[in-house]
Amino acid sequence: MKLTTLLAASIAFIPAVAMAEEKGKVEGIHHWVSESEVNALKVITDKLATKGYIWQDSAVGGLSGANALQALRTRLAAGNPPTTMQFLGYEGLDWAKEGVLRSLNDLYVKNGWDKALAPQLLAFVKSDDDYISLPINMHRQNWVWANKAVFDKAGLAEPKSWDELIAAGPKLKEAGVIPLAIGDEPWQILEVFEAILVDVNGPDFYEKAVIDLDEGALSSEQMVDAFDKLRQVRGLVDDGFTGRDWAVATGMVASGKAAMQVMGDWAKGEFLAKGMKPGVDFLCFPTPTATPNYKFVIDAFGVFKSDDPVVVAGQDAWAESIMDPEVQTNFNKIKGSIPARSDVPVDDFDDCAKRSFADREAAVAGGAMLGGLTEGFAAQPQFSGVYSDVVAKFFVTDMSSKDAVQSLVDGINNAR
Amino acid sequence: MRSTLSMRDRLTHWLPRLVLSPSLVAVFIGVYLFIAWTGWISLSSSKMVPKYDFVGLEQYIRLWATPRWETAVVNLFLFTVLFLAITIAIGLLIAILLDQRVRAEGFLRAVYLYPMALSFIVTGTAWKWILNPDLGVEKVVNDLGWSGFVFDWITRPDTAIYCVVIAAVWQSTGFAMAIFLAGLRGIDTSIIKAAQIEGAGLPRIYMSIIVPMLRPAFLSVIVLLSYISIKSFDLVLALTNAGPGNATEMPSTFMFSATFRRNQMGVGAASAMMMLMTVAAIIVPYLYSELRESRNEH
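So the sequences go chain by chain: A and E.
The opening position of the first sequence corresponds to residue 83 in my numbering, with each subsequent residue numbered one higher.
The opening position of the second sequence corresponds to residue 45 in my numbering, with each subsequent residue numbered one higher.
Not everything, but these chain E residues come out facing chain A in the computed CB check (under 10 Å): (1) 92; (2) 110; (3) 111; (4) 112; (5) 115; (6) 176; (7) 178; (8) 291; (9) 301; (10) 302.
Hints in this document: simulated from the structure, not taken from any laboratory.
C-beta atoms are modelled at their ideal positions from N, C-alpha and C, and glycine is treated no differently.
If we strip away everything but chain E, and leave its shape as in the complex, we get (with noise of 0.2 Å):
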């Protein structure tokens, strides 16, 4: 009878551990193994192929003073600025509408939740018809008579960038809207209500109760849209093929045209270390806080 017992103790104790290991043992080298052979790689003189010898940080020097480089690396704090400010604000304000209890609100949802099911190369493609000014927007207004009417943003490299974000931003917006009307339906009603009581206007009760109130829903889509601009590759394919010229580079792209198209293996391991820093730097002070913050919930 003890003995069966401390069988079973012994089994409760190691099951969840034997069962956890395996994929402990891919994520180890599908992930971290990996990170560090790229990270070796990138402080290796690999061209072609991989070659393990150390050159120090040749490749990072050699990769910073590439401007295409330069060019991915701004481009991508515009997108992520804009692309998250933007969602962010949509969403929130059609969620916000949404809320206000409209007749066909299923049926809105998703309308606006829709592009979320399509790949980013469908809207990619979409949209690069829709603003070639000889086939899309600036061709339909001018031929309804206002000839005037100039929208070559995607032409031109200084503002093909803000094409890419407007295309993002269509496919997001209603994935942060759904986020944020499932945290607007959490809210006590009675809270408004007792708000309403003490005199304060609609929109004061929105800026200073419901929308601080938000904050979860805030960070899950900061987060999840930061995941999504990061790894933006297939959109600015199929939108621009980072073009014109090379105007809408993203790292990402550069990342695998050095590795793969042009023999500087070396140089392409050397910016996905840079992306990986980058990645590292929003995240890891994020899951800090959070987790110290869930310790002393406890």
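Extracted from the complex, chain A is given alone in its bound form (with noise of 0.2 Å):
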């Protein structure tokens, strides 16, 4: 099924680019390469191919961008960089420091695109004083994806705190449901600690552990007791988690084995394959806090540096293509997440995505947007890759919250 609609995908292309009068080509490495993400990087590559541009496709699949990456760095050791390339996280910023990367402020000031995107992103897209990068979508990571039914069934509202979330368990297991699914990996267990990090401790609490690594609130009580929520999570979980894939763990959820997953919204692309409706069959709730908050997560693509005048402008067209807000909308529309720029229309998009809006929003304006630390987006790799050995290690042994902590802070400095 997946195979033939790639196929014709990849056919329906063919004439279209055939018919395109061909300017040049633009090739680009990304990662993209399940059914919907194909699907919704078509529509970017047909905009550019009315713009007379072919798009060729260099995907490298894979690891989440870790093949990718490596790609890329045989591509620029040989002297062959692609066109574009896709980033996550702080990669734009570290290629960018390596002195590969076009500066792309002529074509911000004159679309005014610095001004269509909010302000906590340009610590992604901007290095130093140049942009570096378009983002083409946003994801909102820190969401709860429930059942319906189950929740009806068992009496359940949305939570508005961890102490709730935690407290439902007994009621959901009880009726026989597995309150929380979960895999064994450690970015998903890394997702729930960082929810819970800053949703008991607030968004400043989090800048400083996380983003600015400040060794007192890296050893400090609140740490303890974010580890402390998270023993009491563990508690939610089936023993037959190891070894299990996020997507089968949002699949529970959606066939009512299981009552709640934390996870993006890529999650949402799973239930609404099954035809599950928003609000009607799942609930998605932002992970319970008293201090609402936003964990961004940004796909953007960054371009490279080129003397050859047709490259040029076919990197001016794609990154045309790449920040309409036509694209952006019907994009974001079959990848699950919402537009990069904040000044497009939300009218045709479901429940979820009008919720992800109207929250980023107000965390734009109420200081609360954040970059998660999963993906990359609050510390670099070798740090957050800390977090998630601890955080990982203490889920599924007997550690002591202190024990956690203290390796924590010794792996972070070790790290530096």
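Since each chain sits alone in its own frame, please combine them into the complex, following the hints.
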């Protein structure tokens, strides 16, 4: 099914290219290989084709982009960079510091894109004074996905705090439902932990402990509390959680075998693909907190320096295609995220996405817009790696919260 | 006449060298040059991209201060010892039993050897499901009525590494069996008959005569299985993905994630050098003793 759709998509793409007046090629490395991702990317490349440029796809799937980065390293070392490359987290900034990315200031100023983006995003698309990447979407990471039928049957409503969420556990277990679906992969556990970290201790604490890696905050009592909460969350999980993929966990919520999952809004596609409707068959609400916050994850494309005017013109067309409001709308409807541009109308989106829009506006105004740690938007990978090591070990063993905090502090210092 | 002969002489003298030189160059660049390069990187402050400065043993200190690396080293030794011991024991036992001229030996041999034809990815994925308490052995036994049965090793960080051993043993036992069986077939049956005439029982014959005669087979099995255990990357990734937590981390998985996912190329290179030294510590004495023996034979 998936393969045939892919083939159909690629065949459907050929005539459009053939008809367009060919001005040049735009070659891009990215790690979007799943069905919805490929279809979403096609929205951008179709737009590119109307501008007369052929998209040359160099997808390198696997390992959340680690394979793609390896491919880029080889290409750069050989002096043959692609036209454009998809970046997650700090990757774009790191390459900008290596001096290989083209500054996009002229395009940003000409089109006023800087005003269309939330100021917190600029930390990832701007290196010193130069705009270096083009964000296409924004995923929200701190969501809880719940099965509505299970919630109704157990008489549960959207929890207002982690204590409430944890207290729902025994009720759900009595009804024969696993309260929380999760896998033992470190990143899945870290998603939950970082949500607790900011929900319980507030955005300021998150900024100190995760973004600034302040040793005082890292070794504080609040950090111990967060681990204590995670220990309680461990009690909501079944024994078969080892080796469980995130999408399998989402499937458990969809089928009613489990009640909730903490996951970014890429999980929404799994529900929609099963024909389920938000608010009717499944619920989406932010991780419970007294201090509302918005954890973002963006996908952005950077373009590489080139002396060839044809390549540069192709890059301009590529940039304009990505930042086109209509492209951003259509792309994100398929991908499950919301547009990176804050000035795109929300009417066409589903309820979860509308809530995401509203919460983003509030978070931008209230200073509670935060990068997701797990996906590399809060700390460099050597530090987020320490977080995921410690949190994963804590979750699967009976390590004490104090020991966990100690190994967190030691690990961060060792990686500095 | 004289000159053509010397041409031919020269040709026979130079031809082997000429033919061997491209592969020598390829091996030199592809193996030794990159070992040296990795060694250099391990002494530099490289993070995302290689950086050619010198910081001494800083990356090694960092490496040994990383708890995950300690887990990886402990796991490697646990895994190697158990994997080798169990695979050799079971492989030898099956080989001895098959050597008793049983019926349908060819069929049985194929059955035991077949797992070798699978890739570690397949083995890992299949065993992931077999060992999962909600899907595999535990559920089957529970459904049969023995509800108290618990077999959840793969979910527990202190026992998960044994699950990797189980899967690796399952895959490699047939291979050990095949080599031992070949060794057993090479033993002259008159020796066994002579021992029987002397009044030795079958267990005694095997323990004192036949197993010691299998020494070359043991050496091949040990060296080849050691390789498998040190490069056990795909099996771990497929079976446990180094989890639960990081409980089944191996040096190879550690090296990959440090170098390619965490911007710690220096630490990754240091861990690669540690792996190289571990392998060298085992292989160099072995090669030395083997080469000396073959020289004595000449």
